[in-house]
Amino acid sequence: MTTARLPRDLHPLAWWMWALGLAAAASMTTNPLVLLLVVAIASLVVALRHGDHPWARAFRLYLWLGLAIVVIRVVFRIVLGGADGTTVLLPLPEIPLPSWAAGIRVLGPVTSEAVLAGLYDGLRLAGIVIAVGAANALANPKRLLKSLPPALYEVGSALVVAVTVLPQIADSVRRVRAARQLRGEPASRWGRLRRLVVPVLEDALERSMRLAAGMDARGYGRAGTSTPQERRATGMLMLVGLIGICVGVYAVLDVTAPRVLAVPMLLVGCGLALAGFVTAGRRVQRSRYRAERWQFTEILVAGCGLVPALTFWAVGRADPLLLHPGVSDVPAVTLPVLLGLLVAALPAIATPPPAQLQVQPARSSAWTHGIGDAAERAPLRQGVR
Amino acid sequence: MIELRGLSFGYDDGDLVMRDIDLVLEDGEFVVVAGRTGVGKSTLLGTFNGLVPQFTGGTLTGDVLVDGESVIDLPPRERAHLVGYVGQDPDAGFVTDTVEEELAYGMEQLGLDAVTMRRRVEETLDLLGLVDLRDRDLSTLSGGQQQRVAIGSVLTMHPRLLVLDEPTSALDSTAAEDVLATLMRLAHDVGITVLIAEHRLERVIPFADRMCLIDGGGGLRVGPPEQMLRHSLVVPPIVALGRLAGWEPLPLSVREARRWVRTWDVELTTPLIPAMGGGRTVVEVRGVTVAHGRRVALQGVDLTLAAGEVTALMGRNGSGKSTLLWTLQGSRPRVGGSVAVDGVDPAAVAPAERRTHAGLVPQTAADLLYLETVAEECAAADEESRTPRGSCRTLLHELVPGIPDDRHPRDLSEGQRLALVLSIVLVAEPGVVLLDEPTRGLDYPGKAALARTLTRLAAEGRAVLVATHDVEFVAEVADRVVVLAEGEVVSSGPTAIVVSETPAFAPQVSKILGPGWLTVAQVAGAMS
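Heads up: the sequence lines are chains A and B, in that order. Its first residue numbered 1, the first sequence is counted upward by one per residue in the numbering used here. Its first residue numbered 386, the second sequence is counted upward by one per residue in the numbering used here.
Honestly, I wouldn't trust all of these hints.
If you only want the chain B side, here are some residues facing chain A, beta carbon under 8 Å, derived [stated by the list, open to error]: (1) Phe440; (2) Met492; (3) Glu493; (4) Gln494; (5) Ala499; (6) Leu657; (7) Ala751; (8) Glu769; (9) Glu783; (10) Gly787.
If you want the footprint, here are the derived chain A segments under chain B, 3+ residues with CB under 8 Å [to be verified]: (11) 171-183; (12) 288-298.
Because the hints were derived from the structure by calculation, they are not lab data. We put the CB at the ideal spot given by N, CA and C, even for glycine.
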């Protein structure tokens, strides 16, 4: 076993690039077979390479969410049935609507074409959602935020804190709801709402004040070594750069705008913003503890995610019907599409396994009840880094 | 050397909280700050790292010096490498997910290089005994472990002074000892100055080199603990006993006191254990089992509570105390067993009727409060429980007289807020009163007042069950003790017998004078 195969956590950005590539591929097709393959690949990679952080366990939720999306799409197609298609599966009567609702149809004959169109469409959305869910399971989103460039550190920290606060608020709501029945319910609806909201908000506010004080006391937001002039210069670079990007994007999308405002402006804007980032990052006096290194495997993973997106883009140009089959034809898969997708499955075996618990801790108790002796009894984690 | 020089602090609308304070802390000293609740202990601690006045408002005058250099104008973040601050609730201050990242966070802010950070993290893991926990998620740690991580997370910045605001208030006695032993090692071996505020002086006094006593007027007196405690208003039982017996110098540890006892010529007859029972059975619990998911929280618990008795429920964090209280209240579903309060199963009746059987004051009592003034809260409670107007206010006045009607519940002291919640619960006239960790944040006089309240509630014919870690409070108030471990009752019986069986639960007086003794008041009674 070479060092490259020893268990370690990959750079989170690599997994996110891989997953976004897969999601982009999914967005380019409505072919159900291809989309099912995308979901299968995402699930396979997650099954073999997920970490042990709480987010990893949320992947099942994404799968259920995908299923729900498909079901909802199909049900909508049936209820608000399109008139398209001739193959009637179920001759439902149409519900007559008043004249002002012209253009809206409720029920009516269910055709296989309508159901299939809903199914294909739903599958596409589900594929995108599941691909993003895979990224969540494979790389802790908090670690991703921590790898942001130094200039975005504050934004990243704010997001991390926001993510952390959510479960705390859920806990707070649960506690206050439990406490609610210890005294009676106020008679009015407004009173009942207030009864729940006021203690939860007070609790959240107090927590955030304590956290802010704690972070401040530990040096968060220490001034760097920059002078006011440097800070002003950075601000100007960022601002002008952003304006440039805005104008550029507008001109690119609006074909009537002068061409000199399009791509050149966009490039200049991006350049200025980048310069602003670099100078802002330079004045930040902060370091990263055990930052993940970007190694060959990371490049491989990111690349494997991009391959299906590029393949689908090429295939879509040459043979649009393959990726968007009509509802009356049998969908098919060709060799290039299959190969492109199989490359995306490569990380499941080509990457080192994640640094993992040798023994899984007792989950339910530790996760749902916070501090407690059950947590102490849980087998100690022996990191294998 | 860290120095406060002529420091005064006051809020813009009121009197001075601190008045012209001078204090010099030498390297490697262990200093305890004591005083009644609300005299400004936290304010004093906050001035060292700048949280006061940055996060509190108000005006601070005077000077704070580190090695002769003034730091009073620096915000907390610029003092992070000089002063490490650890609050009451470590969980609220965590920024990251895992132990290792949390230890590194402060150093990242200081911009230390990767090699130094790695070395210091490893050192700190060893120093605080956290090696086995390094990759653990912070939310899965026990309270004591979390507190040690919080201490470690400021230690990695190599501060000169470690400031701790009631670091053990949420911990059971074993975890608290663990944390305090760690702090003492830091002061003695590493040479870090430790400044600690604590209500439960019995826990910290044996470690202290010096003691700061804040009096009501904002002044500060500093001296060796045995000298300061001679006239202090807040004293641990051991010192109260020493004062009573006239031991000089005052004993500060159980060991010293035992030495005094050997030469003590006063004859004491061990108090009789009061006869049990007699009261009407209010609560009857048989074989109750409760599960959270797959984890068994309570396993076959039997319990009987009689009218007129105060029962203490003890056990380490997570042993099922809160679960048992909520099960008795009726809202936690049982897997098996039966609960009868006044002959009724509270789980089988509507919440409104439950309250007339079992009243519960939860751990965060403020969860029950949502209105702007004390008077509104009381009026709402009367309406909710359909009792005559003014009954709740009358109850509150009986428990704690003199709380102004127009005060916001958030502005009350811990003891007053507890009394308010207790009267809201009592207005439904429950047969059993359940309290979850009510002594948190109360000082000795506050606890004594609560003890009187509970004794009175029991005397009025109710059964009282109070879950607590505080052994001295148990010695003061409880007739019976039930000890839970891993969801099972491991011992139960009269207080004097149960607490003397287990050293971790024995109050100081019992450790000094032997089994049978519980409080200083008993000794005083036996002497006269």
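If any of the earlier hints don't hold here, list their numbers in rising order. Those not satisfied are hints 6, 9, 10.
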